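Peer 1: Listed below are the residues making up each chain.
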Amino acid sequence: MRRLLFPCMAVLLLCSAIAAQMGGELRFCIPSEPNTFNPLLPQEVSSGTIIYLTGGVLLRVNRITQMAEPELATSWQVLDGGKRIHFQLREGLKFSDGTPFSAEDVAYTMQKLMDPELHSPTGDAFRSGEGKVTTRILSPLAVDIVFPAMVANLAKLFDTVPMLSSRSPQKDMAALGPFYVAEHKAGLYILLKRNPYYWKKDSSGKQLPYLDAVRLEIELNKEIEALRFSRGEVQMITSLQPDIFEKLASQNAAQVQDAGVSSYTEFLWFNLAPTSPIAAYKRVWFTSTGFRRAVSEAINRADMARIVFHGHAQPAVGAVSPANKFWFNAKLKPHPYDPDSALRRLRQDGFRLENGALRDQSGNEVEFSIMTVANNHARESMAAMIQQDLKKIGIKVNVVSLDFHAVIERIGETFNYEACLLGLLYSDLDPNGVMNVWLSSESDHQWNPRQKSPATGWETEIDRLMRAQASSGDERLRKQYWDRVQEIAWEQEPFIYLVDKNALVAISPKVKNAHPSALHPQTFWNAEHLKLEPSDH
Amino acid sequence: MKNVRIAAIAVLVVAMGAALGANYIAPASYEQQFRESPSASPSAQHLLGTDDLGRDRFARLLHGARVSLVLAPLAAAISTVLAAFFGGMAGYFGGWMERWALTVVDLFLSIPWLFLLISVRAVLPLNISPQASVVVTFLLLGFLGWAASARIICAGTRDMMKSEFVALARATGFSGVKLVRLHVLPNLRGTLLAQFWISVPVFIITEANLSALGLGVSEPLPSLGSLLRELQNVVTLRPEPWIFVPLAVLIVVVSCFQILLNRLSMERSSSERTSIERPGAPA
Amino acid sequence: MALKLLRLSAIMLMAGLIGATLMRIAPGFTADEQQLNSSLSAQSLQALRQARLANADLARFYLHYLGGLAHGDLGISQSLNQPVRQLLRERLPATLRSLAIALILAWILGLALAAAARLSGSRAFTLTADGVSGLFISTPAAVLALVFVVLRWPPALAAGLLIFPKIYRYCYNLLQQSYELPHILTARAKGAGQWRVLAWHVAPTAMPQLLALVGVSISIAIGVLLPIEVICDVPGIGQLAWQAAEARDLPLLVNLTLTVTFLTVCATTLSDVARQGFIREAA
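Protein chains in written order, with this note's numbering: chain Z, -1 to 535; chain V, 619 to 901; chain E, 188 to 470.
Derived from the structure by calculation, the hints contain no laboratory data.
One or more of the hints may lead you astray.
Lysine to aspartate or glutamate pairs mimicking EDC-like chemistry, simulated, CA-CA at most 20 Å apart [claimed, not checked]:
1. Z:K510 <-> Z:E489
2. Z:K191 <-> Z:E215
3. Z:K110 <-> Z:E128
4. Z:K245 <-> V:E782
5. Z:K508 <-> Z:E23
6. Z:K220 <-> V:E782
7. Z:K389 <-> Z:E473
8. Z:K199 <-> Z:E67
9. Z:K81 <-> Z:E489
10. Z:K529 <-> Z:E215
11. Z:K508 <-> Z:E215
12. Z:K92 <-> Z:D78
13. Z:K394 <-> Z:D426
14. Z:K220 <-> E:D244
15. Z:K183 <-> E:E367
16. Z:K510 <-> Z:E128
17. Z:K389 <-> V:E716
18. Z:K183 <-> Z:D142
19. Z:K245 <-> V:E716
20. Z:K450 <-> Z:E411
21. Z:K389 <-> V:E654
22. Z:K199 <-> Z:E89
23. V:K796 <-> V:E782
24. Z:K183 <-> Z:D200
25. E:K191 <-> V:E649
26. Z:K477 <-> Z:D461
27. Z:K510 <-> Z:E102
28. Z:K390 <-> V:E782
29. Z:K220 <-> V:D670
30. Z:K394 <-> Z:D338
31. V:K780 <-> E:D244
32. Z:K331 <-> Z:E489
33. Z:K92 <-> Z:D210
34. Z:K394 <-> V:E654
35. Z:K390 <-> V:E716
36. Z:K199 <-> Z:D95
37. Z:K154 <-> Z:D95
38. Z:K245 <-> V:D670
39. Z:K81 <-> Z:E23
40. Z:K508 <-> Z:D95
A quick note: this is a predicted structure, and the numbers were derived from the prediction, not measured.
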């Protein structure tokens, strides 16, 4: 009997050690109440987080390698020059309520996605031409999706399409991802529990996810989020502000990580819309490439990155951040800080400096306002720095901070602004994702939207290049076209790119297998592999 | 108490003098960014250190105090006068006039004025100067901040209309606005002064919060309220004591105001007691 | 009673309409953050805009809303996609609890401190009380709320501390005012004890205004509590109000305005009734 005791105890200890490595509840914060649980509708950050953790997709873009990897589909093929995609599905998959998953659900999802009444941004990304999108069910595990025209970057778009069940009584809430929504306490938290039918296993055959649950605490205030992290109430923070990053780093350097440059860019642009109510003489300034280049050269981007972002940002180059490994034009460099060159350009344009104030040819003092969204300390600080930089070349800048909706209305509808400072996160790496920004006829062509015909030669050229890359199936060729767009944007500076922010995250050392990415979602892109130390169960 | 009063006057004189003379006293411009030393600790060059853009905190405190300590009392005076007028008239006339006035007051207390403020910003020119923007802001606060006190003044006026000295005043020929102004409101001085004293710091802080709507000061002009907003980072991030100086200044100034207003109230009351004891003498 | 209910209903409806109108005319009503989503097609953006314009006709929206209100349907929140009735049912209790705690604390502190300062006759005590109230009235709500979060104290107490200086100031000045009335001086001169003078002579004199202050303190408390709820993540209507303002959520805003108006007018009406009752009894 005693001879058996020791081995039994050893086995027991081993089992409990293995068991102790599984489970636990990961906690982190989302900034607001989610506005929808429907994965096909427009989402804000909170909804997007929940849908990422609960949604099952046919393939997933690995946030580190930026390559597509099989998920619900074991393989895929893009055929007919990008007009058709064939998926082979994994066998034996079930939704979180046990409802089987099959090709029928793919067809159902595509039908819902492409419903014109839904106005899904994901669906819009697939709309390449007139005509219906059809899905052919070849077998329970094989499906073809056919588009009326070629869709660039077709395969990777499916990273953003969670599959819906056509048969589950839970409808949108039936999940194929690692977790499902178990509880929602309004204003407090959303609890996600492990999906018992999740298909993925680790290398030793153990079913994933390792975690029992993920609790998403609703927390509006960034300082309080940091406080809760310091207390151990939450274990991760995505998109840390630089000053909070420094504070947490001073407490314990191991708990924060700078994942490198992200695809979040801050930029400034002038209002070039001919119908805008701004003074005509100001529109003359703004439409001059020389003026825009001069303003760009007078802004000290390095100081901005160092002071506002505590070194956790880098001077931006152009339309694409270096975080976008394949599509970034590595030949381009940030515009230099050179106030003397700026003044030379301005003189060439007929401006002159008189008693410290810059005047145009008609004698008007150069003064304009920069509009930005209020309550964003970093952006207001950037505006204050730009104000000081441009003062050195005689330009007077007024900083106008308005509430978010008022800014959107001015830049999208009334065009009652002179310059605008904003930041945007480009979650879609492919240039097709920003077609609406670069095509002069589209509404996101911020500096002069919805043009009937391009106002300038360089916009005509950009239109041509964007359409060419959208209709080409050859990635090398598409890269050439997109590189040229970036070069034109660099020369003409309709957007004055300022800084690319780094991805700053905080992850408790008790969280294992975390490999933060510079791309969204930075901390939990591999949520199914995350583990917690036993003491945190 | 006399020494305390003298000290309060001295503090206020120094504070106002420093604020008004900011251009001469401040070691640097409030907007100059010493970019090599952001968030610096106090030193000989920067008495209160620098903010996160390298701007001298002491200079910003002086200029911020000038903005807030001049405009906030002005706005407080406007709200006090409006409260006195509406509350006094409502209480004097009573009946349906009082009911309508109190209905307006209750509406004023309930309406979300946030959107009016957003609309006001929309009609202001984009290139409005920071100084003009902050003046408009404080004026708005003055015109919107009177309702709570008006109710209390109305109640006090109603009560006083039944008092003997008002009856005496009526008998000697006082009526209407003159009666309210000369006999009723002076006896509500305590309430009016309370309204004034409360409004000053409340308006200073509210002005800073309104910067979320594009009102209030804009870069680079500081105000006491905008300097107080930095404290929101202090609690969780940087508990450096010199960052609390604007709060200390506001507390000291507000307390000194209070001491003087108390004294003013007491002195006026004692002189009116003397006049009441001699009926017929002008108040 | 019927008249009072009618008045309450009329004020609620007017406040809701005015609030809705202000939101409608404020810039950004038809704007949606999805306009910055470069994935959306022009048709989708247009559809989004049309959806927001659905409530643009204010008269039609309000009539439709009133029709629903008659059946207990408060509409659907545009930003949260949930029935407003459900949202209020979940959130209102938390706010009412915090409101009650904050007001009780504020009144106990404010009234007790004012009475103690007046009764003690000690300049040092009065100065200390003035200083403490000056400290809390000068501290931004956000800062105090964050301190309470750090210390893990209930946010309602922070609200109470921010409200009490106003109550203290009004109460102190009212007591000061009352103590200097001739009949109070006579009572004191005749040897009446401090407590007797306070309870039998001063309190009745100050009561009408005090009761009015009770009514408006609800409105003051709501104004202080809502931002604290946002900062301290109390799942009350403060968060909803913030959401409604940020997202220009008209159905949510109208309902919140009605709720706040209801609380405010009930409080002021009750205080008016109490005041009139008190005056009748005293007569």
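Peer 1: Does the structure break any of the earlier hints, and which numbers would those be?
Peer 2: As far as the earlier hints go, 1, 4, 6, 7, 9, 12, 13, 14, 15, 16, 17, 18, 19, 24, 25, 27, 28, 31, 34, 35, 37, 39 and 40 are violated by this structure, in ascending order.
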